[in-house]
Amino acid sequence: MSIQDVISLLPLFILTAMAVIVMLAIAFWPNRRASFWLTLSSLILALAALVPAASTVPRHVTDLFVVDKFALFYMGLILAGGLVTTALSRGYMDKYAGNRGEYFLLIMVATLGASLLAISSHFISFFLGTGIVSLSLYTLIAYNPSQRQRIEASLKYLILVGAATAILLFGMALIYATFGSMQFEQISIRAVQPDQNSPFLLIGFGLLIAGISFELALVPFHMWTPDVYQGAPAPVTGFIATVAKAGIFALMLRLFSHASLPVGSPLWNEFAAIAILSMLVGNVAAVIQKSVKRLLAYSSIAHLGYLMVPFLAQGQLSPSAIGFYWVVYFITTLLAFGIVAAFSDPVNELDDSEAYRGMFKQHRWPAVMFGLALLSLMGLPPTGGLVGKVYLFAAGVQGSVWLLVAALVVGSVIGFFYYIRVVILMFSAPPSESTSIGPTGKGTSVVLSILTGILIILGLFPTPLIGMIAKIITNIL
Amino acid sequence: MASIPMQYVLILSAMLFSLGLIGLIARRNIFFTLLSIEIMLNAAGLAFVAAGARWAQADGQVMFMFILTMAAAEVSVGLVLLLRLYQQFKTLDVDAAKDLNG
Amino acid sequence: MSLLFFIAAAIAVVATLLVITELNTVHALLYMIVSLLSVAFIFFLLGAPFIAALEVIIYAGAIMVLFVFVIMMLNLGPQSIDQERQWFNLRSWPGIAILAAILLVELFLALRSGATPANVAQLAPQQVAISLFGPYLLGVELASVLLLAGLVGVYHIGRHLR
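Residue numbers (the working numbering), protein chains in the order written: chain A, 10 to 486; chain B, 124 to 225; chain C, 51 to 212.
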């Protein structure tokens, strides 16, 4: 490994080194806030390290990783997501009676794992990345282990991910058996050779897609996802819904940019069916939810379905549409879960939608922020969600994937109903007894306000970001 | 040593994998669920080693080592969660953990 | 030598079948260990002696022992077997088994038709080691991060357990 390799992987090295330092700090430094500040600064440092890494791009670092602009974009997004989650968790964790050091350590390690996925170009780094993310999440979900809900959610997540990983691995093994290589580019080179018509291939890729869909919580592999999202602490749920999924999605983009996925082929159909089901079932199931976190969970399932539309359309607009929508989705989802977290503590979460009734009267600005986040999820102005959805729609139309575009539209329309219900609840008259759990601290409101600001700016002036993304992501799909 | 066709080993690993999958879905005791996950991971590992042997590469074995690592870590966390579950719910029944279904 | 493979394979399948149908957890674990040992033998036949050793030492030797420890800690007693008998709902099995059987038959047919050259090279531990210290060095480092996450997790969840 040369110096150039180290520089291109600098963010990862920083995170790994800081993980060890945080662990030592937990042991030797009694200050309760120490691990928070260490984690925050290491994520900022890692983000800053993207700049020198960008100067070495594009580059293959051993067989396992490939660092190019696409990878750095998603890595930046993931690191930013980890940073925001950490910032939003501080107030939440301040109310936790036990030790908090491990929480921030694990958030950092999980972010590391997700970044691995963004730069992965080999089955082994794929597997290690998902493994690191999952392992950290098991503990993060169960972070308050004396609460039944947490343990239940974590066990369900463990069983789900364990099965998913096994299915994924078996698919990878079959593909490896066919091609003799685990590297994405090698696989694509060998896939186009004429004698490769092995039946292993279809089953292998089919299983791989099933495994990926488990991890992305797409229908029909979403079975316990709403339970997990409801049972996990709110900031952790936000993390799972954004950072963990972004890593796998980026890897999926890379994998299938190499291995061709012609429209109408069995694998494409498999993906399309999963996407359509996710968009429809995700939205329909959300309508009857009483719990805000479950509602957001189903909404996140539906949004991943929307993101599949440009991926399957494979048009010119697709890469930047996907990139832009990921940015908007990150901001919106982190904002939404951030508000839930701001009003919760590790024992009582502000989950029941009835608890949001009349929130506007008591907490003006948070209610407005949450309302804007929901507007963005609906795809209404003046938020970035509108631009994002239009972009997805355009990408779908360009690829002429009419069935998927129809599902996108139908899903979004169904979506109006449940999002608007929460907004109406917030702005209606408050119940007679005042319920509130007070919002937490200045830091959290600052972060949330910044997120809201960016969301509005993206809604009104999206062009700079779109242009930047289009320049960065030119070589995928 | 005479050769074993790769297909046969893959068929074996597929059989073990499906047995694990059946165990995962059909058993109610969480302990057996964790055990079934181990069976599935082991079966996938077997497939990797067989594939590696067919191509005469060490990669299959390397992947198996990483699978081993992951399986060990995952089962440790799974077992400690199981102990906590028993402490909270007083049972190892998967269906008993129904707090979240809503 | 194919005969050895088939015998080991048969033992592995039967043992695994017994694992998932057994009512007594300790018996199930022991069947699992038998299954793992036969798979280890198959690894040896495939020319992967290092992995065969690892399978025995780590999978059968450490992971299964961990399971046994937990069983002992739980100290469930003989009524657990009766409980398992209650939970063992025979009605749920045929459906799943049929689905799995269909998948298996599909896979079987698919695998039958492929013509793969059946060469088995002896991959000595040296080659695995060279792989691990060479191209997959970062993988080893990341595996250690994986274990760190697992370690911290178990420590945290397991605190004040009793």
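Since the hints were derived computationally from the structure, they do not count as laboratory data.
Source: prediction; values computed, not measured.
Virtual Cβ for every residue (Gly too), placed ideally from N, Cα, C.
Mixed in with the good hints there might be a few duds.
To be verified - Listed next, the stretches of chain B that the computed footprint assigns to chain A, with coverage defined by at least 3 CB atoms under 8 Å from CB atoms of chain A:
1. 138-150
2. 159-166
3. 171-178
4. 200-207
To be verified - Computed, partial: chain B to chain A, Cβ under 10 Å:
5. M129
6. Y131
7. L133
8. D182
9. I190
10. M193
11. A194
12. E197
13. Q210
14. Q211
15. V217
16. A220
17. K221
To be verified - Using 20 Å as the maximum straight-line C-alpha spacing, the simulated SDA-like pairs for lysine to any residue come out as follows:
18. B:K213 to C:R135
19. A:K165 to B:V217
20. B:K213 to C:V190
21. B:K221 to A:K104
22. B:K221 to A:L211
23. A:K165 to B:A219
24. B:K213 to C:M123
25. B:K213 to C:L126
26. A:K104 to A:R42
27. A:K299 to B:K221
28. B:K213 to A:Q156
29. B:K213 to C:Y81
30. B:K221 to C:Q133
31. B:K213 to C:I146
32. A:K165 to B:A179
33. B:K221 to A:R42
34. B:K221 to A:N153
Hint by hint, here is what the structure shows:
Taking a C-beta to C-beta cut-off of 8 Å, the stretch 138-150 of chain B contributes 4 residues in contact with chain A, enough for the three needed, and the coverage statement holds. Counting residues of the stretch 159-166 of chain B whose beta carbon lies closer than 8 Å to any beta carbon of chain A gives 4, which reaches the threshold of three, so the coverage claim holds. Judged by the Cβ-Cβ criterion of 8 Å, the stretch 171-178 of chain B is covered by chain A as claimed, because 6 of its residues qualify and three suffice. Three residues within the 8 Å Cβ limit are the bar, and the stretch 200-207 of chain B against chain A gives 5, so the coverage statement holds.
The interface hint given for M129 (chain B) holds, since its Cβ lies 6 Å from the closest Cβ of chain A, which is under the 10 Å cut-off. Interface hint status for Y131 (chain B): violated, as the beta-carbon distance to the closest one in chain A is roughly 12 Å, over 10 Å. Because the beta carbon of L133 (chain B) sits about 7 Å from the nearest beta carbon in chain A, less than 10 Å, this interface hint is met. With a cut of 10 Å, the hint placing D182 (chain B) at the interface with chain A holds, because the nearest CB-to-CB distance is about 6 Å.
Below 10 Å, beta-carbon pairs count as interface contacts, and I190 (chain B) has one with chain A at about 7 Å; its hint therefore holds. The beta carbon of M193 (chain B) is positioned within 10 Å of a beta carbon in chain A (closest approach about 4 Å), and the interface hint is therefore held. For A194 (chain B), the interface hint holds, the least distance from its beta-carbon to any beta-carbon of chain A being 9 Å, beneath 10 Å. Annotation: interface hint on E197 (chain B) holds; nearest CB of chain A at approximately 6 Å, less than 10 Å.
At its closest, the beta carbon of Q210 (chain B) sits 9 Å from a beta carbon of chain A; the interface hint therefore holds under the 10 Å criterion. Evaluation of the Q211 (chain B) hint against chain A yields a held restraint, the C-beta minimum of about 5 Å falling below 10 Å. The closest approach between the C-beta of V217 (chain B) and any C-beta of chain A is roughly 8 Å, which is under the 10 Å cut-off, so the hint is satisfied. Hint status for A220 (chain B): holds, given a least beta-carbon distance of 4 Å to chain A, under 10 Å.
At about 8 Å, the closest approach between the beta carbon of K221 (chain B) and any beta carbon in chain A falls short of 10 Å, and the interface hint on this residue holds. For the proposed pair K213 (chain B) and R135 (chain C), the alpha carbon gap of about 18 Å is at most 20 Å, so the pair holds. Simply put, K165 (chain A) and V217 (chain B) have alpha-carbon atoms about 9 Å apart, close enough for the 20 Å limit, and the pair holds. Only pairs whose Cα atoms come within 20 Å are accepted, and K213 (chain B) paired with V190 (chain C) is rejected, the gap being roughly 39 Å.
As the CA atoms of K221 (chain B) and K104 (chain A) are separated by approximately 27 Å, the hinted pair breaks the 20 Å bound. Pair hint K221 (chain B) plus L211 (chain A) does not hold up; C-alpha atoms about 37 Å apart against a cutoff of 20 Å. Only pairs whose Cα atoms come within 20 Å are accepted, and K165 (chain A) paired with A219 (chain B) is accepted, the gap being roughly 12 Å. Note on K213 (chain B) and M123 (chain C): the hinted pairing holds, with a Cα-Cα distance of about 14 Å set against a maximum of 20 Å.
The hinted pair formed by K213 (chain B) and L126 (chain C) meets the criterion: a straight-line CA distance of about 11 Å does not exceed 20 Å. The suggested pairing of K104 (chain A) with R42 (chain A) holds, with an alpha-carbon distance near 12 Å, which does not exceed 20 Å. With a C-alpha separation of about 16 Å, the suggested pair K299 (chain A) and K221 (chain B) falls inside the 20 Å cut-off, and the hint holds. For the hint pairing K213 (chain B) with Q156 (chain A), the CA-to-CA distance comes to about 14 Å; that is within 20 Å, so the pair holds.
Taken as a hint, the K213 (chain B) and Y81 (chain C) pair is broken in the structure, with Cα atoms around 27 Å apart against an allowance of 20 Å. For the given pair, K221 (chain B) sits about 19 Å from Q133 (chain C) by alpha-carbon distance, which is consistent with the 20 Å threshold. For the hint pairing K213 (chain B) with I146 (chain C), the CA-to-CA distance comes to about 28 Å; that exceeds 20 Å, so the pair is violated. Between K165 (chain A) and A179 (chain B) the alpha-carbon distance is near 39 Å, which puts this suggested pair outside the 20 Å criterion.
Taken as a hint, the K221 (chain B) and R42 (chain A) pair is broken in the structure, with Cα atoms around 35 Å apart against an allowance of 20 Å. At most 20 Å may separate the alpha-carbon atoms for a hinted pair to count; K221 (chain B) and N153 (chain A) meet this at roughly 18 Å.
Violation of the numbered hints given earlier is confined to hints 6, 20, 21, 22, 29, 31, 32, 33; the remaining hints are satisfied by the structure.
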